[in-house]
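> The chain contents come next:
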Amino acid sequence: MKTTAPLQIGNLLKTIAFLFFGLLILWGLINYLMMRQVYLHWLLLLFNLLVATGLGWWFYKRMYHTTFSYDRDGFEIERGDSRLSARWRDYSRVSLVHLGLGEFAVRLYKDGEDFLQIPASSLKLDPSEFRFQVMEFVKGQERGPDLGASSPRR
Amino acid sequence: MKIREYLLKLEDNLMTGGGRWVADFTESFWELPVGDTAFDMLILGNTRPRGFLLSRFFSWIVLPNYPVACFAYSDDPDLKRLSPSLKAIAEYREKEEMPWAWLVIVNEGPFSRRAQALVEKNDTKEIGIALVDLASQEITASKSFIGRRVARIAKRFK
Numbered sequence: 067m068k069t070t071a072p073l074q075i076g077n078l079l080k081t082i083a084f085l086f087f088g089l090l091i092l093w094g095l096i097n098y099l100m101m102r103q104v105y106l107h108w109l110l111l112l113f114n115l116l117v118a119t120g121l122g123w124w125f126y127k128r129m130y131h132t133t134f135s136y137d138r139d140g141f142e143i144e145r146g147d148s149r150l151s152a153r154w155r156d157y158s159r160v161s162l163v164h165l166g167l168g169e170f171a172v173r174l175y176k177d178g179e180d181f182l183q184i185p186a187s188s189l190k191l192d193p194s195e196f197r198f199q200v201m202e203f204v205k206g207q208e209r210g211p212d213l214g215a216s217s218p219r220r
Numbered sequence: 003m004k005i006r007e008y009l010l011k012l013e014d015n016l017m018t019g020g021g022r023w024v025a026d027f028t029e030s031f032w033e034l035p036v037g038d039t040a041f042d043m044l045i046l047g048n049t050r051p052r053g054f055l056l057s058r059f060f061s062w063i064v065l066p067n068y069p070v071a072c073f074a075y076s077d078d079p080d081l082k083r084l085s086p087s088l089k090a091i092a093e094y095r096e097k098e099e100m101p102w103a104w105l106v107i108v109n110e111g112p113f114s115r116r117a118q119a120l121v122e123k124n125d126t127k128e129i130g131i132a133l134v135d136l137a138s139q140e141i142t143a144s145k146s147f148i149g150r151r152v153a154r155i156a157k158r159f160k
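Top to bottom, those sequences are chains A and B. So the mapping is simple: the working numbering equals the position in the first sequence, first residue as 1, plus 66. So the mapping is simple: the working numbering equals the position in the second sequence, first residue as 1, plus 2.
Everything labelled a hint here was simulated from the structure, so no lab data went into it. Note that CB positions come from ideal geometry on N, CA and C, so glycine has one too. Don't take each hint at face value.
[Stated by the list, open to error] Think about it this way: if two alpha-carbon atoms lie no more than 30 Å apart in a straight line, the pair counts; the simulated DSS-like pairs of lysine-lysine are: (1) A/K176 with B/K11; (2) B/K89 with A/K176; (3) B/K97 with A/K176.
[To be verified] Label pairs and their computed distance ranges (CB to CB): (4) B/F54 with A/R153: 36 to 42 Å; (5) A/D139 with B/V64: 47 to 53 Å; (6) A/T69 with B/W23: 39 to 45 Å; (7) B/I141 with A/T69: 40 to 46 Å; (8) B/W23 with A/Q103: 53 to 59 Å; (9) A/I91 with B/W23: 37 to 43 Å.
Full structure from sequences and hints, please.
Right under this line is the structure:
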């Protein structure tokens, strides 16, 4: 099985920044409520940054970090605490989706209705090439029913 | 330029905002059977772009909200597949309540004169058709407003 699990810098920095400012606001509030003034020092900011980095890493691993393994028969995707493994033949239709800001994902449709999304850009895969590869995997197996004139998304 | 290469460029262009003044295209299917006919590519979109905060609010209050699509198929210089394709697109549009759609037909050589005349005469408001000859880089489009728009987008990377 081929495995990819790149570090998603954007999500990690977002989590750290959110926690840093969150902890700073919390510290300011507690200070003001207890002493009617806000105590700030660069050592405190450094300590806050260290705490935010540690907590941010933990949150990132639990919420965002994605590990994706696949071969001809199936795949396994693990995002944070949730894990899913499936076979390509369980799906009948493949699409490429632009999520915005240059991020692409490959969608796998089951019976033309339910879908699973593989975040190709976040996994540092070439979205277009990966889409064609997945189409081959799905086509190599039993094909799903023709969707007729209805939407491939339905 | 090969057909696949052209379609990939068209797809990339539309999905990364190339058609933003008309619609926001977000999802693409390849080798898709629709009714009795198969299309090389189908890109789905919506006239209301997603945006962020202000642009999202602005599009929500100003822009109409309906789905649109760009169909594409290839290797049909005499347009023998045009009639069933238009029928399939019409059925699809009706089911999806889609006011209009584009159809791009790509060929590595010239289209027949009859085919070009057929498309040029077509003034259907709901479907804009563009014939793309990759060899001569010539584009023939239907004369409706939607047809002129698709011609402008189809010729961007000839």
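> Could you work out which earlier hints the structure fails to respect and list their numbers in ascending sequence?
none
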